[in-house]
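Chains as they are written, first to last, in the working numbering: chain A, 1 to 514; chain B, 1001 to 1325; chain C, 2001 to 2325; chain D, 3001 to 3331.
It is worth saying that the hints were derived from the structure and are not from the lab. Ideal Cβ positions, reconstructed from N, Cα and C, are used throughout, including at glycine. Any given hint could turn out to be false.
[To be verified] Away from chain A, derived, C-beta distances all over 10 Å, residues of chain C:
1) Leu-2051
2) Ile-2052
3) Ala-2115
4) Leu-2173
5) Gly-2197
6) Leu-2201
7) Ala-2213
8) Val-2298
9) Ile-2317
[To be verified] Cross-link-like lysine to aspartate or glutamate pairs, in silico, DMTMM-like; alpha carbons within 20 Å at most:
10) Lys-338/A <-> Glu-1208/B
11) Lys-338/A <-> Glu-2207/C
12) Lys-1192/B <-> Asp-390/A
The lines below spell out each chain.
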Amino acid sequence: MPVPRLQFESISKVFPAVRALNDVSFSVGAGEIHGLLGENGAGKSTLLRILSGVYRPTAGSVLIDGRPVTLNNPVAARAAGVAMIHQELQQVPRLSVAQNMFLGHPLTRGGVFVARREQERRAASALAAIDPSIDPAAPLGSLKVAQRQIVEIARALLDRARIVAMDEPTSSLTPSEFERLAQVIAGLARDGVAVVYVSHKLDEVFGICQRATIMRDGVVVDSVDLAKVSEKAVVAMMVGRELAQEQHRSHASGDVRLSVRGLASAAKVRDVSFGLHRGEVLGIAGLVGSGRTELLRLLAGADRASAGTIEIDGKSVKLSSPREAIAAGIGLVPEERKREGIVPLRSISSNMALASMSVFAPRGVIDHTKLKQVASEKMKRVNLRPFLLDRPIRLFSGGNQQKAIIGRWLAAGTRILLFDEPTRGIDVGAKAEIYHLIEELAAEGHSVVVVSSELPEVIRLADRVLVMRDGAVAAELDRASLSEQAIAAHAIPQTKMQAGQTHAGRSAGPQARQ
Amino acid sequence: MTDIGQDTAARPRADFLHRFSMRDAGTLIGLVVILAVFGALVPGFFAERNLINILQQSSINACLALGMTLVIISGGIDLSVGPTAALSAVISASMLVAGVPFVLAIAAGLAIGLACGLLNGILVAHVGLQPFIVTLGTLSTYRALALIYTGGNPVLGLPPGFRAIFNGSLFGLPMSVIIVAAVALVAWVVLKKTPFGEYLLAVGGNEEAAYIAGVPIARTKIAAYMISGLLAALAAQILIGRLGAAEPILGNLWELDAIAAAAIGGASLMGGKGSVVGTILGAVILGTMRNGLTLMNVQSFYQLLATGLIILAAMLIDRVTRGRG
Amino acid sequence: MTDIGQDTAARPRADFLHRFSMRDAGTLIGLVVILAVFGALVPGFFAERNLINILQQSSINACLALGMTLVIISGGIDLSVGPTAALSAVISASMLVAGVPFVLAIAAGLAIGLACGLLNGILVAHVGLQPFIVTLGTLSTYRALALIYTGGNPVLGLPPGFRAIFNGSLFGLPMSVIIVAAVALVAWVVLKKTPFGEYLLAVGGNEEAAYIAGVPIARTKIAAYMISGLLAALAAQILIGRLGAAEPILGNLWELDAIAAAAIGGASLMGGKGSVVGTILGAVILGTMRNGLTLMNVQSFYQLLATGLIILAAMLIDRVTRGRG
Amino acid sequence: SADLAPLNSDTEKDRIDWSQLEAKFGAFPKLPDGTKAGAVSKTLTNEYWRSLGEGYKSFGDRVGVPVVYQAAQSEGDQLGQLTIAEGLVTQGYNVLLVSPQTDSNLQPIMEQAKAANVPVVNVNDAVIPQAEHYVGNVQRDNGVRVAKWFIKNRPDGGKVAIVEGQAGVYAAVQRTDGFKTTISEGGKFEVVASVPGNWDRQTSYDAATNILQQHPDLIGFYANNDGMALGIFEAVKAAGLRDKVAVFGTDGISDAYASIRAGELTGTVDSFPVLTGEVALESALRLVAGQKLPRVVATPQALITKDNADRYSGAGDAVRKALLEDAAAGN
Ligand SMILES: Nc1ncnc2c1ncn2[C@@H]1O[C@H](COP(=O)(O)OP(=O)(O)OP(=O)(O)O)[C@@H](O)[C@H]1O
Ligand SMILES: Nc1ncnc2c1ncn2[C@@H]1O[C@H](COP(=O)(O)OP(=O)(O)OP(=O)(O)O)[C@@H](O)[C@H]1O
Ligand SMILES: [Mg+2]
Ligand SMILES: [Mg+2]
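Model the full structure from these sequences, guided by the hints.
Structural data, given as structure tokens:
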């Protein structure tokens, strides 16, 4: 049996107050695409950060082609043949796409000047495999999140690496982009590269990986051959229990809580009208860039509308700041958690309490006993792990950060909740919890809007779906007419459909996938 | 490389308190070391009178540094504290000399401080200019206003009654120390126990996220600058009470001392972080140093050297005791 | 609320260039307005001789501000430039007076600048202290060293040959202007065309991302501080050539002028952003203002007022022309 | 004390010239055992204040009194100076000599020292209104003397310019005012510019360059201190006007003397800091010994030009002699 390309041997990593990895061992062969699965906080990113030289292990070693390697910093890891796509975008917005891709090892002319043209040429060819429309000379900051993620992937392809580690590379990508990425990854494998692939999207992992290692709470549960196990079994290993397959239930009642008419923004949204009922979950689907995030930001008061009216319980409201929106009972769980969601140095309780100071400090002084009690109650409800309410939120995994943000609105007693990609980067277990939570909220009479690029998620949750295209509502689908094909058909611009492009939704059907 | 032992994992509550005090403990260690050194070198250093002197001499800087700490936590900086104090001082003083009742004159001086802070805050929060540059500009502007208002002359002859307010003592402590201690207590409560404190930390920690969470960003920032202006004005009242005169050039370079105190006390100029206790300790460290070096009769060039080195040393001690966090 | 029109989204390349020049255009507009105002008020303001004066008077600040710009782009700040210049000046000068060959004396002075920058850089990059506080500490330390070295006295009697180097002119422009122009050109090339320039922008723009991409963070920051120190030392050589004497108190408050120039020119004290062209324009704006106000014989209090207001106005114009970015 | 009128050192009637001390109060008295003096001045970064300290030391050595001499870290450091002075009071010195940054920043010292029964002598520059004792020269007179030189030596009048010290500082305000008022009296001179030089050579150089460019027919500069004057001279030289423009400074630092002898700087007003220090300490110690001196002891000053530079720059005793002669001549 040949020496595996990559071996983790008894890796442990201890952070202050947390043992993130405990005696982790598994190996990945050359040409193998290896899934790495686990719930939020299981330790996947930590392991890959050790592989890429960002963290040093507390104990254990990494072997490449049978030889132990010292990965003291990212440069050493790169020299050892490791390329990594990080979970959080690691980019400099003010530099160009190509400059970002070559950051740290620029091509030079005569060793002195940066060879811009050459960098851009090579960047373009690396990008071409996934999204040829990205201009390598554009400032990275002008790109959308999805495009930025593609840049991140293309950067890893520039190196002729022996090992490519991908930490949730598709969290902002559409299925069609994933399709192309899958082909690229298959190409890497053919060239003998070992790929470690982390994703919470199990169908992706089952689609492209041969084997997978499942982690739970910092330890390896098992390494399995994916051809021989079911998705259900893998999920059970991840969460340590069976997840019930839940069905959609509607709690919508008669009265309209939120009514939007002719809403428009200067930038993108055009003439959007809809109503949202008490206890209803409204899904919003659409392609990347179709204006969903911007619509939510308008409703949350984060951006100003240029036209249109918004009524809540029949009363016209002006939402010119998030504060006003919150007072009107609207709260946003944003798409970019790190940038718009958390205050990194502050504790879980503080982050949770931020939007409801009037509740916790009715007389101007914060009632810390009450805060503790509410925080503990809400965080139990969302199942925070580890359950450390006073720990700075930056030390938590992405999924747990998301839970705290949801907890923020639970504490504030918000009646209209806006979720933008609520389960992005969130594991199956927590995902199920969040779905359950959303339904509970609806059952309690909350009104919910869910924007998601994952069509199964929209279909699972929504009582009704608006499909957006180019900033306008292209269609409204009720449950009876709701299907992935139907959504895809409305989401894709007609010309593109005719040209046979596959910008369709996830399982947009065989015809869309060709 | 980590600041907390593993064993604390099991008791998160203790862990938090532990962390909290660790930060200020770093500063405290710095202070204790400095006190010990001077105590060993200077006879009579620990005399009650001298210790009170140190507190009194630190009080004005502490007062400013508290305001500065709030501004720094909000992610800003206030270079204009000295000229704000000067403007407030000359206006209060000329009212006092004109016979205006004390309460009114003091109120007017404090209002000037608030107004200076308000302008800084508006330029930062509403117009969106960089705090460093805004307050660099107002630093010159406010100073010029104070000079123009007085024609460059000091305002002399403050009524003894007014001076008595700030020159008395209570429980054996000078009034200025008592006042600043009270201010510190209020600042501590504000930062730890009120929504405004949470808002400050959130705005400085992640403005975008704070905005989405409904924090009134502009109001929070403006309030921080206004408090800084108010405390500068309060410092000015204490000072003119002590000096019996107000000068338009009063408060020269105060901003640097105040920033140094806040930073030694653990405030991060990146925002989102800072401690009232730490700042007070920082101000006392700087005051102790000046006092001790003077008593040792160190020549002024070497005092300057010591000031520089001690700022660096305090930051190093701080760094070692608390880790990178 | 975004600064780019929607139509530009389609051509990001052009858009990028557009953005670039817009920023500097804002500063340029500021300069043009100021020039126009003085031109209208002061007879002879546009005389060639006076324009050359303005350039010469701006050259020292421009030299410092270029170094400051690199440090600011890297996410830092260098408050110690004045004392660095003073230390370099007195050491070069005393070597010159002792008869050391010019080249050696100048080299020694520049080496001092590099060494001062190195210490700042190490404390920031390796020890991980806050740049503001590090350079606040070294501000006092270097100044004290310069004072101690000279006993507080100026070093006089620099050889005429040395002075001639910096006092000559070329193509009708004073040497100091030529030297600083050359420095600016090099700085522009470094920032725009070399890996180091990219590293600076990356380290200041997103340090974590830069680290993960393999950018040598510490080396990049240290280099920025060393360049700042070097340019401070160069400014010192130009100045002592011009004045014929080196004083240990030279360079007082230079840091504020340099920071103001960089900020007016569009550098962000949050790091990751700054422009060589903008900084030069910023320095010229400040120089023009001083020149014009002196020619108008504005009384000193009002000069101070004008300085403050113009910094604010420049930032406002800047803000309006370039948006929040 | 409260019943004392605020001091104006320039006009106070209760005064004595330094040269009269011995004549009126006799030979230097015997002091209590262990007498020690503490002194605090503005900053040591200016030679003027270092020379004042030398004066304290030299007189202290002569009469066997130890003197501790401290200074704030910079000219603007008001609270730092207060801290130093408070330290001196606490340490039990028998007399304090203070040169305050401003008229009021050492005010608390007056009260603390009174409580501790320590006499305080205000030495030069800023004037504490409550000061019971002041030793020093007349700041205004610095400017007046330079103005008189112009009136005498440039009978046709012409354009002159002033480069001022830090805005709002007592000495700068007084010197500027003395010059401006005196020179404007005859109507022949025009003060075309009075701009800030902030005690800084470079700033003054630039200001002078600009003024000369606009007024190439300028005949003279007056600078509030010598450092600025030396910077101005360099600008005059660079403009090729050294023969046409007279440049005057203030303070009489050694560099100014050197420059005057070399025929560069036209002149300076020396206020003899070493001698002032000696006189100040002598007066202070006489107070300690119980003598009742007038409120103001005036120290000398003289306009120094190339012609008389040697007379005022020899060894300490020679200068003292020359100044005593001047005093006797009623100068
Ligand atoms: N820098 C850090 N300091 C302290 N604790 C950390 C740090 N980074 C991660 N952790 C902790 O280590 C554990 C593992 O986190 P990690 O990010 O590796 O999880 P993950 O499996 O990638 O989760 P997710 O799916 O949410 O990305 C978590 O409990 C997390 O809170
Ligand atoms: N060129 C741009 N410059 C700055 N911000 C942009 C630009 N394009 C889009 N954005 C912002 O990015 C966010 C996402 O854009 P948008 O609403 O169009 O996408 P979406 O439909 O929510 O799709 P997704 O969130 O999946 O990317 C919005 O806040 C939008 O204002
Ligand atoms: Mg992860
Ligand atoms: Mg979106």
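Non-interface claim for Val-2298/C versus chain A (Cβ beyond 10 Å): holds, 39 Å
Pair hint outcome, Lys-338/A versus Glu-2207/C [Cα-Cα no greater than 20 Å]: OK: Lys-338/A and Glu-2207/C at ~16 Å, within 20 Å.
Given as non-interface: Leu-2051/C, which should sit over 10 Å from chain A by C-beta: holds, 34 Å
Claimed clearance of chain A by Gly-2197/C, with the beta carbon kept past 10 Å: violated, 8 Å
Status of Ile-2052/C, Cβ more than 10 Å from any chain A Cβ: holds, 33 Å
Agreement of Lys-1192/B and Asp-390/A with the hint, judged by alpha carbon distance not exceeding 20 Å: holds, 14 Å
Distal placement of Ile-2317/C relative to chain A, Cβ over 10 Å: holds, 22 Å
Given as non-interface: Leu-2173/C, partner chain A, CB spacing beyond 10 Å: Per Cβ check, Leu-2173/C is outside 10 Å of chain A; nearest 28 Å; holds.
Non-interface label on Ala-2115/C, tested against every C-beta of chain A at 10 Å: holds, 26 Å
Least C-beta distance from Leu-2201/C to chain A larger than 10 Å: violated, 6 Å
No chain A beta carbon within 10 Å of Ala-2213/C's: violated, 4 Å
Given pair status - Glu-1208/B, Lys-338/A, alpha carbons within 20 Å: Holds: Lys-338/A and Glu-1208/B sit about 10 Å apart, inside 20 Å.
When held up to the earlier numbered hints, the structure conflicts with 5, 6, 7 and fits the remainder.
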